[in-house]
Amino acid sequence: MISVEHLDLSFGDKQIFKDFSLTLPDYGVTALRGPSGCGKTTLLRVLAGLTCPQSGRVVGIRPQNTAFLFQENRLLPWRTVEQHLTDVLPRDRRNEAPRWLALAELTGEEKSYPAALSGGMGRRLALARCLALGGRPYLLDEPFAGVDPARAGRILAGLKTLDAPVLLVSHEEYILSQADRIIDLDGPPLRVL
Amino acid sequence: MAWSKGLKNFIFSLLPPAFWLGAWQLVALLVDHSVNGRGNELLLPYPATVLTALVRLAGAAPFWGTVASSLGRILAGMIVGTLAGAVLAVLTCAFRLCDRLLSPAIRVIRATPVASFILLILLWTDRNFVPAIIAGLMVLPVVWANLARGIRETDPQLLEFSRAYRFSPPKTVKLIYLPSLRPYFLSAVTTAMGLAWKSGVAAEVLCIPKEAIGTQIYNSKLYLEIPDLFAWTAVVVALSLILERLIRVVLDRWKGGWTL
Numbered sequence: 006m007i008s009v010e011h012l013d014l015s016f017g018d019k020q021i022f023k024d025f026s027l028t029l030p031d032y033g034v035t036a037l038r039g040p041s042g043c044g045k046t047t048l049l050r051v052l053a054g055l056t057c058p059q060s061g062r063v064v065g066i067r068p069q070n071t072a073f074l075f076q077e078n079r080l081l082p083w084r085t086v087e088q089h090l091t092d093v094l095p096r097d098r099r100n101e102a103p104r105w106l107a108l109a110e111l112t113g114e115e116k117s118y119p120a121a122l123s124g125g126m127g128r129r130l131a132l133a134r135c136l137a138l139g140g141r142p143y144l145l146d147e148p149f150a151g152v153d154p155a156r157a158g159r160i161l162a163g164l165k166t167l168d169a170p171v172l173l174v175s176h177e178e179y180i181l182s183q184a185d186r187i188i189d190l191d192g193p194p195l196r197v198l
Numbered sequence: 460m461a462w463s464k465g466l467k468n469f470i471f472s473l474l475p476p477a478f479w480l481g482a483w484q485l486v487a488l489l490v491d492h493s494v495n496g497r498g499n500e501l502l503l504p505y506p507a508t509v510l511t512a513l514v515r516l517a518g519a520a521p522f523w524g525t526v527a528s529s530l531g532r533i534l535a536g537m538i539v540g541t542l543a544g545a546v547l548a549v550l551t552c553a554f555r556l557c558d559r560l561l562s563p564a565i566r567v568i569r570a571t572p573v574a575s576f577i578l579l580i581l582l583w584t585d586r587n588f589v590p591a592i593i594a595g596l597m598v599l600p601v602v603w604a605n606l607a608r609g610i611r612e613t614d615p616q617l618l619e620f621s622r623a624y625r626f627s628p629p630k631t632v633k634l635i636y637l638p639s640l641r642p643y644f645l646s647a648v649t650t651a652m653g654l655a656w657k658s659g660v661a662a663e664v665l666c667i668p669k670e671a672i673g674t675q676i677y678n679s680k681l682y683l684e685i686p687d688l689f690a691w692t693a694v695v696v697a698l699s700l701i702l703e704r705l706i707r708v709v710l711d712r713w714k715g716g717w718t719l
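The listed protein sequences correspond, in order, to chains A and B. Its first residue numbered 6, the first sequence is counted upward by one per residue in the numbering used here. Its first residue numbered 460, the second sequence is counted upward by one per residue in the numbering used here.
Each statement offered as a hint is correct.
Here are some chain B residues the structure puts well away from chain A; computed CB gaps all over 10 Å: (1) 476; (2) 482; (3) 487; (4) 506; (5) 514; (6) 524; (7) 534; (8) 545; (9) 586; (10) 681.
In silico DSSO-like cross-links for lysine-lysine, where the CA-CA straight-line distance does not exceed 27 Å: (11) A:116 with B:633; (12) A:116 with B:630; (13) B:669 with B:657; (14) B:669 with B:680; (15) B:680 with B:657.
By construction, these hints were calculated from the structure, which means they are not laboratory data. Built from N, CA and C at the ideal position, the CB exists for glycine as well.
One chain only, chain B, in its complex shape (with noise of 0.2 Å):
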């Protein structure tokens, strides 16, 4: 019986990725007999292209120092930022002046085109350093905004109680603040992977780094090799569901706190 459900699950989830895949067939056939078979590659190709272009391009030795390069420079940015918002967060919401100094400015931050932090950051710095640095400052305001929300919702109640029962405040913060927390720091950070991982790209794409998938994308435009460009697409898709379900299960074991 278990195994039946489980497979029955396991069918489940494959489903929605198999329905994408066939409206990508059918569009790209289509796209392919609006052109008579004369370059349908550079417009949409089909999946099994792509397939094909991705498992060339793994079958490379560049391939994997390209997206190791690529993922550090994004974790790199996504942690600095996930920490500096964090901290601005406490701030905030401990100190009326910080919040009053601090608010405006990651506002800013959030309004501000990404493109032109890009353009400005490549003047300041090593082309190298930019899509990390891109990386943290769209990923700040995310975890900023979210974090400072959950401090202030946090149940006044249960604060009371701390209090009353003589809790120290890192027994308060551990036991009361951080559980509590939880709920939007994994809403922060799964949406701060995805900004992070199409800034970070964005910004080698316009920095042009020795190894990165950016790079790799800005060359498959030039060179018109577009299954390329979707393998490397894909690569980037991949490493952030990866990443964000990795996140997902660090916080569920998270869940219970800590024993002090």
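Extracted from the complex, chain A is given alone in its bound form (with noise of 0.2 Å):
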């Protein structure tokens, strides 16, 4: 199990831990539901070791072996599609690259650059990158933003076959009927409801 223990964090005058304390299974797809601004983004930094918590502590989880996949795209726009997986997959790995641009659907896309793509191509890129990246689990901040319904679900699908547990932020309802469990969020300061 993974578990956050009295987490205690402000930002100015903002709080958005107040002594938060959640326990999240450590398989399957997990969805966190909330409103926008509630502190899920910040829960899943902290879960990846982006942000430090004030006090309070993460347990059954190792920020190191974290793949967390950002709200924003962040690719590389001297990249091209096929090098933005090259480039985080190891020398000995680098040939599974096509396995993770078929299952984000982008294969005949390996030599565009990300300026060509678009939102939702970009997106699906970013996803693609995070999950050949490998982690336990998978942190995954609205990884189907832009994303079109059918697609987003095949590709959920996809998710749900690999060996890893996922933990994912989404406001779409066709996403978290899909997910094995869904944890309604409030705030801040986060709170489960």
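Could you fit the two chains together into a complex? Lean on the hints.
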């Protein structure tokens, strides 16, 4: 199990976590649902070790083993689609790039640069890169923003076949309906409903 | 269609130089008219006279040796100045102490008149080394300022991405810093190129090394060979433009970064 215990965090006057605790399963797809700005992204960032809480601790997760999908694509304009994947894959696993491109339905775009991709394709590339990196768990912040529902559904089905827990933030009902469990949140400060 | 578009572009690219050559010809004509044909070559020679002088100089054996010597000196200064500027920019951004120590010193270099440096360095070292040192000193602050700004303005989101995706420091440099710095570097070296030539040739004029364009410019002034002065100046301008073009071509190829 993954758990966060007694987290406290504020940015200036805004308190994001106030003695916040939560236990998450370390298998399957868990979706976090809540209004914008309630602290879902910050929770993922804390789990990934990208944001340090002022107090409290995270148990059952090693930040250096996670794969984090940022809310923004953060693509490199000077790298091709294929290079985005080979850049994060270790040398002995570079032949896996086509597999991740296929999962994100980007086969055929290997030589394209991010500027030539649509918004949805850019998001899928960022997701494919995160999946190629590999992690336990995958921490995905709005992975299907801008992706059409049918395609998002197929990619999520592919995600569920991975042998790693997935924790994702989403607002889309069609995504939430396919998750193994949903945790409803509200805030700030963040709290479980 | 493609060739007619190419021809059109070629003609358009010739228009600005043709305009300025025409303006030069017109002003030279006015000068010639005002001095009644007596010595206008001392004030402003015609473009054709300068071209004749250039062809005559280029036909003589020492010309190419002189050009190669000046080119070697300026390029050496440019390369050393660029490398030093880059290293100092990294140190400035990496260590606050280096920033505090280096920033005022480099600003002093930037503000000091080039003539003061030329005369001081002439006192300290061999005259043949002065142009390269001066060119390097003029290039260094430009490269330093541009690259330091570029490093500081590298997208923090991409740097956070590189940490989250466990990029090693060399990989972060190759995949994020270097491509991000490309426009800053291009701007720095194209500006620095002009400065290097200006200051390097000025140093040659004051120091009179054995084989140098600056020495030839000094001699042209001394013997009132004004068309030769114009011709040597044209050589400097041409070399500077060719090198700038070469740098742009190299950096355009580098745009995609490297495959690791």
